[in-house]
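Model the full structure from these sequences, guided by the hints.
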Amino acid sequence: MGEPQGSMRILVTGGSGLVGRAIQKVVADGARLPGEDWVFVSSKDADLTDAAQTRALFEKVRPTHVIHLAAMVGGLFRNIKYNLDFWRKNVHINDNVLHSAFEVGAKKVVSCLSTCIFPDKTTYPIDETMIHNGPPHSSNFGYSYAKRMIDVQNRAYFQQHGCTFTAVIPTNVFGPHDNFNIEDGHVLPGLIHKVHLAKRGGSALTVWGTGKPRRQFIYSLDLARLFLWVLREYNEVEPIILSVGEEDEVSIREAAEAVVEAMDFHGEITFDTTKSDGQFKKTASNRKLRAYLPEFRFTPFKQGAAAAWAGARTRQSCSSHPSPPLPGSEHRARAL
Amino acid sequence: MGEPQGSMRILVTGGSGLVGRAIQKVVADGARLPGEDWVFVSSKDADLTDAAQTRALFEKVRPTHVIHLAAMVGGLFRNIKYNLDFWRKNVHINDNVLHSAFEVGAKKVVSCLSTCIFPDKTTYPIDETMIHNGPPHSSNFGYSYAKRMIDVQNRAYFQQHGCTFTAVIPTNVFGPHDNFNIEDGHVLPGLIHKVHLAKRGGSALTVWGTGKPRRQFIYSLDLARLFLWVLREYNEVEPIILSVGEEDEVSIREAAEAVVEAMDFHGEITFDTTKSDGQFKKTASNRKLRAYLPEFRFTPFKQAVKETCTWFADNYAQARK
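For the record, the sequence lines run as chains A and B. Last residue of the first sequence: 782 in our numbering, with the numbers rising by one and none dropped. Last residue of the second sequence: 326 in our numbering, with the numbers rising by one and none dropped.
The set of hints was computed from the structure by calculation and includes no laboratory data. Positions of the beta carbon are idealized from the N, C-alpha and C atoms, including for glycine. No false leads were mixed into what you were given.
Cβ-to-Cβ under 8 Å is the rule here; a few derived chain B residues that face chain A: (1) Asn88; (2) Arg93; (3) Val96; (4) Asp100; (5) Gly147; (6) Met154; (7) Ala161.
Which chain B residues stay away from chain A? Per the calculated CB distances, all over 12 Å, these: (8) Ser21; (9) Arg37; (10) Ser47; (11) Lys49; (12) Arg219; (13) Glu254; (14) Gln308; (15) Tyr321.
In structure tokens:
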């Protein structure tokens with residue numbers, strides 16, 4: 447693979463994940479601009495916790511731009527037990543990716559943070575200036591600090607070398623190609639999988655926790671469109687929150703009800719209050735995004751939940767294995 | 006090197022630095038207990054930014070305990086320009102040391118933080134619970150976050166594996182074997198070197214900044230004695246501040262005057278206010294230390310300054326400068 451022929455060669459790490467697949471789809475469905483060469487990679491292409499493998503990948507691809515999505519992720523219950531692994535593995539991945547990008551002269555790197563990394567004790571809504579204002583929730587401090595340190599490292603690249611390495615902060619993402627594993631997936635795909643099993647087994651839907659915690663959900667395809675805008679147009683080092691507005695925050699109970707409606711489930715819904723709720727709220731302000739993009743329209747939540755279920759249904763089973771490309775998609779992951 | 010024969014084999018990284026040399030001295034001067042085997046290493050023995058070299062070192066030494074002092078350090082003026090290097094190199098060193106210690110089954114690791122890593126916007130005095138309560142001063146955020154993450158990683162080892170990896174938080178350390186380089190050393194050794202040059206050249210002493218910022222200074226030999234106590238007796242994962250009390254905080258001007266007096270300098274003292282002051286204050290509480298060790302006595306500041314100045318004059322040729 448030689449020097450980029452067009453204006454941009456964009457390397458996307460974590461290309462086979464929830465957000466990576468969404469970016470693949472929007473790029474394939476017409477969002478790709480002339481001169482843009484998109485390369486999606488996953489763990490099959492390189493172990494990003496290994497510095498040498500990461501460097502070899504970057505020297506082979508020679509990206510001008512990077513969207514860095516790869517991470518060790520998990521839901522609340524797995525995070526709680528493995529804070530060391532979540533800290534170390536993610537720090538290694540992030541350092542390897544950022545520094546390899548720097549070494550091959552990439553002009554821009556857009557990494558992916560999360561609203562779950564914000565200070566636990568805080569006022570609401572949270573905004574981009576508040577990331578480091580106090581310790582994160584203790585349940586996943588390893589993951590949270592590793593993500594926060596992406597922002598620290600971005601600012602250090604800017605201070606020492608003038609690089610524009612930045613990050614986005616999505617709220618709870620959901621969509622096709624998620625990890626639907628009930629133990630270590632996130633709340634919305636977990637609900638989808640549970641309803642699927644409850645329908646099949648004629649049993650009740652048991653939601654973990656009280657159902658009262660509140661979240662802003664962002665549909666993965668909306669996030670993907672916004673990622674492309676950030677890649678092309680957003681030039682600050684300070685991160686930017688990508689989310690629906692505060693008025694669109696929903697409770698876990700309301701999310702469960704949306705899934706139940708989308709999947710036409712008629713059984714009983716119960717709440718297992720012995721299970722942890724995690725953080726009660728994480729309300730984020732999207733004022734910065736709206737200042738840049740006042741007209742951007744998000745997919746309505748129920749429509750997104752239905753599309754996520756449709757995406758899950760195309761797979762043979764709900765599992766955490768990578769799925770084949772979406773039916774009808776013209777883009778395949780680039781073979782290197 | 007086989008399995009430890011006695012009860013403890015203690016590996017000290019950064020063994021040739023300011024604090025490492027002080028620990029060497031107090032151990033040699035009688036503080037070593039029977040059954041303790043002390044191994045001091047420096048960059049000559051392994052490049053700790055390299056994971057393979059670090060692992061090889063730990064597998065060779067097989068420590069039961071570790072005092073981790075090695076770091077990429079610098080004064081205010083160097084930190085400001087190289088935040089990326091200070092962040093990355095120190096994260097690599099710390100991860101390599103902590104994880105190699107874990108892999109060889111070390112029972113305890115005592116790392117070394119600093120009061121300069123605390124939140125910039127804060128109430129005073131600062132204490133051990135406040136480390137992560139806000140961003141550090143922007144001048145050295147790379148170094149500060151790397152040090153803070155030692156505490157995060159310590160807590161993660163405890164949460165996932167039950168290890169007792171902990172840390173101490175000294176205030177401004179000074180003493181023999183410091184880095185006396187005026188450009189990138191710290192304030193007190195910088196003052197000592199400057200007075201030495203001013204005396205030799207018959208010129209004025211120029212102190213950078215206004216002289217108003219305030220610091221608590223801890224003599225390296227006192228810190229070393231406290232390190233030994235932490236290694237043997239302190240079993241919390243939460244760090245502990247090692248410092249003189251708040252009542253012993255001095256201004257940079259007062260520190261300069263102590264150096265001037267110790268070195269018998271009679272020239273003019275001026276303040277170059279075009280140079281940055283750094284943080285105005287970092288007043289730390291030593292209440293936690295005093296709850297454990299109410300009787301511990303620190304070397305009086307002027308006496309410690311005098312001993313350090315004497316050491317510098319006696320060792321000028323080989324001193325780091």
